[in-house]
Amino acid sequence: MTDPTTYISHLELGEPDKTYLDSNELIINMGPQHPATHGVLRVILKLDGEKVLGTECVIGYLHRGVEKIAEHRTYTMFNPYVDRMDYVAAVSNGLGYCEAVEKLLNIEAPPRANYIRLILTELNRLASHQLWLGTHALDIGAITPLFYLFRDREEILKIFERYCGARLTTHAFRIGGCQYETYEGFERDVEKFVAFARPKIDEYETLLTTNRIWLERTRGIGKISAADCKALGVTGPVLRASGVKWDLRKAKPYAAYADVDFEVPIGTNGDTYDRYLVRMEEMRQSLRILEQAVAKIPEGPIMAKVPKVLKPPVGEIYHSIEAPKGELGYFIVSDGSTQPYRLRVRPPSFVNLQALDLMVRDQLVADVIAVIGTLDIVLGEVDR
Amino acid sequence: MTASLKGRYGSGIAESSTYLGQNYLIVDSSLLPELLLILRDEQQFDYCVDLTAVHYPHRDKQFDVVWILYSFAKNERIRVTTRIADGAALPTSTSIWPTTNWLEREVFDMFGIRFEGHPDMKRILLPEDWKGHPLRKDYGIIQQDEEWVHINLGIESGQ
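One line per chain: the protein sequences are X and V, in this order.
Going left to right, the first sequence walks through residues 1 to 384 as my numbering numbers them.
Going left to right, the second sequence walks through residues 1 to 159 as my numbering numbers them.
I should point out that these hints are in silico values taken from the structure, not numbers from a laboratory.
Glycine included, every Cβ here is placed at the ideal spot set by N, Cα and C.
Honestly, I wouldn't trust all of these hints.
DSS-like, lysine-lysine: derived pairs with alpha carbons at most 25 Å apart [as the list claims (entries may be wrong)]:
id	chain 1	residue 1	chain 2	residue 2
1	V	122	X	68
2	X	68	V	137
3	V	74	X	250
4	X	250	X	296
5	X	68	V	61
6	X	311	V	137
7	X	46	V	122
8	V	131	X	68
9	X	68	X	311
10	X	200	X	158
11	X	245	V	74
12	X	252	V	74
Among chain V residues calculated to face chain X with C-beta under 7 Å, some are [claimed, not checked]:
id	residue
13	19
14	75
15	98
My request is simple: use the sequences and hints to build the entire structure.
This is the structure:
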């Protein structure tokens, strides 16, 4: 048995006592309106000078009750809502949801649909990582990467726009496959993007990887061990940077991931710098996956035979995918009607954010910003 | 694995089965938290993926509480479900998997199920003085704590 308070502090936030001014301890709020908290996250910091003694996250400012909404919509109607959780990786959300419902209905998307899904999801992973790097670097004080990364992310959004008309909340997939056939020149566009993006990733690395300021601000900052990651349920690049070679795309392959060859990069120190390196390598691996997928994309239908009214048999299902931020899962309970009886989203950002407290304890206030950035949270998904 | 657990706990494990290739156990709430500890230590389920609940208002034991567990060593998932009545509390599992800290708080926030021994049992997504637990089936989709909205937001209704 472990003491849970060693992982997550419990701040006593009463009225300040009389000796308040004599004490060195200070309790301050960071957020909810703070540009570096990536949304409406409020962190209560207990400080001793510049040193962080403990933190408490106050979340829920963006709570929209997605799980309640799901119970009042049909399976098809709920599909666009999932895009609004992690809005920088909307395609991944949609993939996880569609696959979960397909499993519940016992149908399978056709191979061509799976390849289209794989290509769009990997493009989305790149877009998500690009946005992460741009904002993370900006938080730490490097302004240039933001412009480079937003410029290059635009190319991905253009492909999305040409494919389905939307750039951010794409609603790209349907239960049973994809709604749209690829447009004329889709493969060429993806190939062009891969050729375009590869040297760009090297370019970002020349800006940061050996940059003295970047090294000072990220090396040894926000360290977390593999054992602590597992205890706290942390997944995604954060877990891998601590040395655990675990990726749901390999562990439980979905879509067409079993057909493509790629490496799962891992780190050794579990610090902010390693997480940066892991994500950079992941971007390169995504390009590799894209290259193979475009060359192999089969002909055929893009929709499975799906009834007009979806009524999954009574039962429960849990399905999860490797979203850019970690394990994104859907737990769906069906009562045999057209609406989910209960739909639970297992959000990677929410669970990963729990690790913030452990990662910043005994570090400086400035490092809290770096750690929030490196956790790569999206508040739309934390609060749902 | 389920056979050995059944042998040890007998009727405490009401059901152990597979649906659509996914294993699940339905266990008596009196076996918690020992059973969860055994699953972690003996069966290597070292990662608690998720903890959630489902409300069935017409049943005697109104709530299903579900743990989704994963084993890195075996690459295997299992769901553990227990059924409890409205107003009953469950022992916390934060000392088994610290990740359930926020997850238990969310279950409390949304369903009103308390976890005894939790270091900080309070709401997480909704304001602390909010009344009602929205994911219960008897809570309407446009229902809200009007008093809270009126006092804190200064408007008649948030709708």
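Next item on the list: Find the hints from earlier in the document that the structure breaks and name them by number, from lowest to highest.
Entry: none
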